[in-house]
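Sequence lines, in order, name chains A and B.
Residue numbers for the first sequence, in numbering that gives the first Met the number 0: 0 to 280.
Residue numbers for the second sequence, in numbering that gives the first Met the number 0: 0 to 329.
Hints are computed from structural coordinates only; laboratory data are not their basis.
Just so it is clear, the structure is predicted and the values come from calculations on it, not from any experiment.
It is possible that part of the hints are untrue.
[What the hints assert, rightly or not] Quick look at which bits of chain A chain B covers, simulated, 3 or more residues with Cβ under 8 Å: (1) 15-22; (2) 89-96; (3) 149-156; (4) 164-174; (5) 201-212.
[To be verified] Residues from chain B that face chain A, not an exhaustive set, calculated with beta carbons under 7 Å: (6) 46; (7) 122; (8) 132; (9) 138; (10) 142; (11) 147; (12) 152; (13) 154; (14) 254; (15) 261; (16) 284; (17) 286; (18) 301; (19) 302.
[Claimed, not checked] Here are the in silico distance ranges between beta carbons for each label pair: (20) A:53 <-> B:303: 22 to 30 Å; (21) A:110 <-> B:115: 49 to 57 Å; (22) B:305 <-> A:240: 49 to 57 Å; (23) A:27 <-> B:312: 36 to 44 Å; (24) B:312 <-> A:224: 40 to 48 Å; (25) A:21 <-> B:313: 34 to 42 Å; (26) B:39 <-> A:171: 30 to 38 Å; (27) B:239 <-> A:4: 31 to 39 Å; (28) A:51 <-> B:179: 26 to 34 Å; (29) B:146 <-> A:24: 15 to 23 Å; (30) B:181 <-> A:13: 29 to 37 Å; (31) A:195 <-> B:303: 36 to 44 Å.
Don't be surprised by glycine CBs; every beta carbon is placed ideally from N, CA and C.
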Amino acid sequence: MKRFLRERQPFHHILMAIVAFLFMAPLLWMLSTAFKRPDDIINSMGTITWWPHPFTLENFKIDLTKAEEFPIWRWTGNSVFVSLAVTFLVVTVDALAAYAYSRLKWRGRDQVFAVLVATMLVPGQVLLIPSYLLIRELHWFDTYQALIVPAGAGAFGVFLLRQFFMTIPVELEEAARLDGCGPWGIFWHVILPLSKPALAALAIFTFMGAWNAFEGPLIFTDSMSMRTLPIGITIFQGRYSTEYGPMMGAAVLAAVPVLLAFLAFQKHIIKGISLTGMAGR
Amino acid sequence: MSATIIAQAEQAKSTSAVVKRRRTTSPGLLFALPHLILFAVFLLAPTIFGFYISLHHWHVLAKTHPYVGMANYSAALTDDIFWLAVRNTFYFVILAVPAGNLVSLLLALGLNSLRRGQTVYKVMYYMPVIISIAVVAVLWRWLYNTEIGLLNVYLKGCVTGLRHIGLPLPPFQPVPWLSDPKFAMPSIALMSIWWGAGGNMILYLAGLGNIPDDYMEAAQIDGANAWQRFWAITWPLLRPTTLFCLVFSVLGSFQIFGQSYVLYAPGSGPARSALTMALYMYQQGFSEYEIGYGAAVGYLMFALVLVFTILQFRLFSQRDDIQPKARRAA
Numbered sequence: 000m001k002r003f004l005r006e007r008q009p010f011h012h013i014l015m016a017i018v019a020f021l022f023m024a025p026l027l028w029m030l031s032t033a034f035k036r037p038d039d040i041i042n043s044m045g046t047i048t049w050w051p052h053p054f055t056l057e058n059f060k061i062d063l064t065k066a067e068e069f070p071i072w073r074w075t076g077n078s079v080f081v082s083l084a085v086t087f088l089v090v091t092v093d094a095l096a097a098y099a100y101s102r103l104k105w106r107g108r109d110q111v112f113a114v115l116v117a118t119m120l121v122p123g124q125v126l127l128i129p130s131y132l133l134i135r136e137l138h139w140f141d142t143y144q145a146l147i148v149p150a151g152a153g154a155f156g157v158f159l160l161r162q163f164f165m166t167i168p169v170e171l172e173e174a175a176r177l178d179g180c181g182p183w184g185i186f187w188h189v190i191l192p193l194s195k196p197a198l199a200a201l202a203i204f205t206f207m208g209a210w211n212a213f214e215g216p217l218i219f220t221d222s223m224s225m226r227t228l229p230i231g232i233t234i235f236q237g238r239y240s241t242e243y244g245p246m247m248g249a250a251v252l253a254a255v256p257v258l259l260a261f262l263a264f265q266k267h268i269i270k271g272i273s274l275t276g277m278a279g280r
Numbered sequence: 000m001s002a003t004i005i006a007q008a009e010q011a012k013s014t015s016a017v018v019k020r021r022r023t024t025s026p027g028l029l030f031a032l033p034h035l036i037l038f039a040v041f042l043l044a045p046t047i048f049g050f051y052i053s054l055h056h057w058h059v060l061a062k063t064h065p066y067v068g069m070a071n072y073s074a075a076l077t078d079d080i081f082w083l084a085v086r087n088t089f090y091f092v093i094l095a096v097p098a099g100n101l102v103s104l105l106l107a108l109g110l111n112s113l114r115r116g117q118t119v120y121k122v123m124y125y126m127p128v129i130i131s132i133a134v135v136a137v138l139w140r141w142l143y144n145t146e147i148g149l150l151n152v153y154l155k156g157c158v159t160g161l162r163h164i165g166l167p168l169p170p171f172q173p174v175p176w177l178s179d180p181k182f183a184m185p186s187i188a189l190m191s192i193w194w195g196a197g198g199n200m201i202l203y204l205a206g207l208g209n210i211p212d213d214y215m216e217a218a219q220i221d222g223a224n225a226w227q228r229f230w231a232i233t234w235p236l237l238r239p240t241t242l243f244c245l246v247f248s249v250l251g252s253f254q255i256f257g258q259s260y261v262l263y264a265p266g267s268g269p270a271r272s273a274l275t276m277a278l279y280m281y282q283q284g285f286s287e288y289e290i291g292y293g294a295a296v297g298y299l300m301f302a303l304v305l306v307f308t309i310l311q312f313r314l315f316s317q318r319d320d321i322q323p324k325a326r327r328a329a
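Looking at chain A on its own, in the form it has when it is part of the complex (with noise of 0.2 Å):
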């Protein structure tokens, strides 16, 4: 009994799921709340119905169908798509940037990186203001360049890969040089391919950062259709607001994809946290 105890911890293991329970109740309420009728929800007053019945679509049905007022397949499409066109850029820029600052000599680096970590004690929302006015003047505005080209402008990347290049042998990188390889080759051949869990963690990181992103979405744009999904479900909340049903729906269709992504790859983003020190926002 007492080995079972120590070993198995049995108390230990129902505190922590009484938490979890805590923590996944939230979003569970989100689910159950999505699948009942609307009717159902608005009279179930103070009894909580975890399963619902009857179960309906209804609710997806009501966040679907509405394209003109909701275009809620668009958005996602644009969530998509941005997110992946920032990550691409962010970690291409970073790692050419990374390379330069760690392993490359030349005048004025030191005077330049100390320039970057200087700026990464900006507050993003500083920027809000005078990006905006910048992306009027470029005519971006309500663009996808509005949404993605500004994302690359980041340090942080580039601090974290090049913490990460600096701990690559030299001896790697003579023995590169001696077999003809120039910059690009021991980039290529060299840093890149040994960078690999950093390079993840920085892709992870960004994507989900895109795909959360919400002050940006919601000043560099204006018009329906460039809408991303965080900002979509605002716009549904504003004609929504008390009908908790088609509301949980779209919370649903906007956190479903995002949570499924994050249970395949759970375990690189976690391993991609104690990494890079970034708490994943």
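Add chain B to chain A, keeping to what the hints say.
Below, chain B alone, put in the same frame as chain A:
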């Protein structure tokens, strides 16, 4: 762009060793350039341009933007609503950061002492972090519903149950989570803690993993109980992680925007109780079109964040320079 780089690389390959060495030193800037251009245009320039805007009376629709010096700043500093936004933001930081970090630390400690099944719990605790703030806020608006929201229904059940077994509690009054100015920020903080606790939990867990088992075993042999082991070993050795998490939580929390925006829409709550600095800047810039004033509010926020970050780094380095060395010596 990349074509030039490849061409250069090819060229470098075919030249002699001496030239090769010189070549390897030259293309550094070229590799940095794509990012550097984006950085200069979309980060550095706006940072400076924002300050320039804040020195002007800049209305979106106006043709001219006269220079007004520090007038926007002095206007903000004498603006009651600005100070209300500052107070609300501080209130949020105080509510959300310590409690949030405590939750993260407790979760990490719980997971760390588990022999098996860690991953399942870890995934569940982390799940809310994945979701966008828009979805989170829409969901919590439903949970916080006064009459039929999950929280009030369960609270009512708890209170009635406790009264049944004879505890002298007053009859249950529905908690006005979102409609009462007193509850606005606490409600936002509770939601934010749920949303973010998993992120720092992973960092704390990594920190705990770095503490050598020998220390714990030695303390156990010396007869230290779990409580003593925590205060004598875990807590001091975890300090770098704790301070890292605190600094970034504070940085993030000062910028709170989406929570108030989605829960309360731009008006920002009963008696403006959910109005934060970032939201006030947004209101001034994009609802009132007073872009100059909005930029000034943004810069005041920047200054505040900067002061707090420097303050925390001071605490950071002082303590940390001593801690690990002292431990190693012992």
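We went through each hint and held it up to the structure:
With 5 residues bearing a CB less than 8 Å from a CB of chain B, the segment 15-22 of chain A meets the requirement of three and the coverage assertion stands. Restraint check on the segment 89-96 of chain A versus chain B: 5 residues with Cβ-Cβ distances below 8 Å, three needed, restraint holds. Restraint check on the segment 149-156 of chain A versus chain B: 5 residues with Cβ-Cβ distances below 8 Å, three needed, restraint holds. Under the rule that three or more residues need a Cβ within less than 8 Å of chain B, the assignment of the segment 164-174 of chain A is violated, with 0 such residues.
Counting residues of the segment 201-212 of chain A whose beta carbon lies closer than 8 Å to any beta carbon of chain B gives 3, which reaches the threshold of three, so the coverage claim holds. Of the supplied interface hints, the one on residue 46 (chain B) holds, with its beta-carbon coming within about 5 Å of a beta-carbon of chain A, less than 7 Å. Among the interface hints, the one on residue 122 (chain B) holds; its C-beta lies about 5 Å from the nearest C-beta in chain A, closer than the 7 Å criterion. Given hint, residue 132 (chain B) at the interface with chain A, holds; its Cβ is 6 Å from that chain's nearest Cβ, closer than 7 Å.
Given the 7 Å rule on beta carbons, the hint for residue 138 (chain B) holds: about 5 Å separates it from the nearest Cβ of chain A. The restraint placing residue 142 (chain B) at the interface with chain A holds, with a minimum CB-CB distance near 6 Å, inside the 7 Å limit. Given the 7 Å rule on beta carbons, the hint for residue 147 (chain B) holds: about 6 Å separates it from the nearest Cβ of chain A. With 7 Å as the threshold, the beta carbon of residue 152 (chain B) comes within range of chain A, its nearest partner Cβ sitting at about 6 Å, so the hint holds.
Taking 7 Å as the C-beta contact cut-off toward chain A, the hint placing residue 154 (chain B) at the interface is violated, the least distance being around 11 Å. With a least beta-carbon distance of about 5 Å to chain A, the hint placing residue 254 (chain B) at the interface is held under the 7 Å criterion. Annotation: residue 261 (chain B) was flagged as interfacial toward chain A, and the flag holds, the nearest CB pair being 6 Å apart, inside 7 Å. Among the interface hints, the one on residue 284 (chain B) holds; its C-beta lies about 5 Å from the nearest C-beta in chain A, closer than the 7 Å criterion.
Interface hint status for residue 286 (chain B): violated, as the beta-carbon distance to the closest one in chain A is roughly 12 Å, over 7 Å. Evaluation of the residue 301 (chain B) hint against chain A yields a held restraint, the C-beta minimum of about 5 Å falling below 7 Å. At about 10 Å, the closest approach between the beta carbon of residue 302 (chain B) and any beta carbon in chain A exceeds 7 Å, and the interface hint on this residue is violated. For the pair residue 53 (chain A) and residue 303 (chain B), the beta carbons lie near 53 Å from each other, so the given range of 22 to 30 Å is not met.
Between residue 110 (chain A) and residue 115 (chain B) the Cβ separation comes to about 51 Å, which falls inside the hinted range of 49 to 57 Å. For residue 305 (chain B) paired with residue 240 (chain A), a C-beta distance near 38 Å fails the hint of 49 to 57 Å. Distance hint for residue 27 (chain A) and residue 312 (chain B): a CB-CB separation of about 41 Å, consistent with the stated range 36 to 44 Å. Hint check: residue 312 (chain B) to residue 224 (chain A), Cβ distance near 45 Å, so the stated range 40 to 48 Å holds.
Distance hint for residue 21 (chain A) and residue 313 (chain B): a CB-CB separation of about 37 Å, consistent with the stated range 34 to 42 Å. At about 32 Å, the beta-carbon gap between residue 39 (chain B) and residue 171 (chain A) stays in the expected band of 30 to 38 Å. Checked against the hint of 31 to 39 Å, the C-beta distance between residue 239 (chain B) and residue 4 (chain A) comes to roughly 34 Å, which is consistent with it. Taken as a hint, the range 26 to 34 Å holds for the pair residue 51 (chain A) and residue 179 (chain B), whose Cβ atoms sit roughly 31 Å apart.
Separated by about 19 Å at the C-beta atoms, residue 146 (chain B) and residue 24 (chain A) satisfy the suggested range of 15 to 23 Å. Between residue 181 (chain B) and residue 13 (chain A), the C-beta spacing of about 35 Å keeps the proposed range 29 to 37 Å intact. Remark: the range hint 36 to 44 Å for residue 195 (chain A) to residue 303 (chain B) is upheld by a beta-carbon distance near 40 Å.
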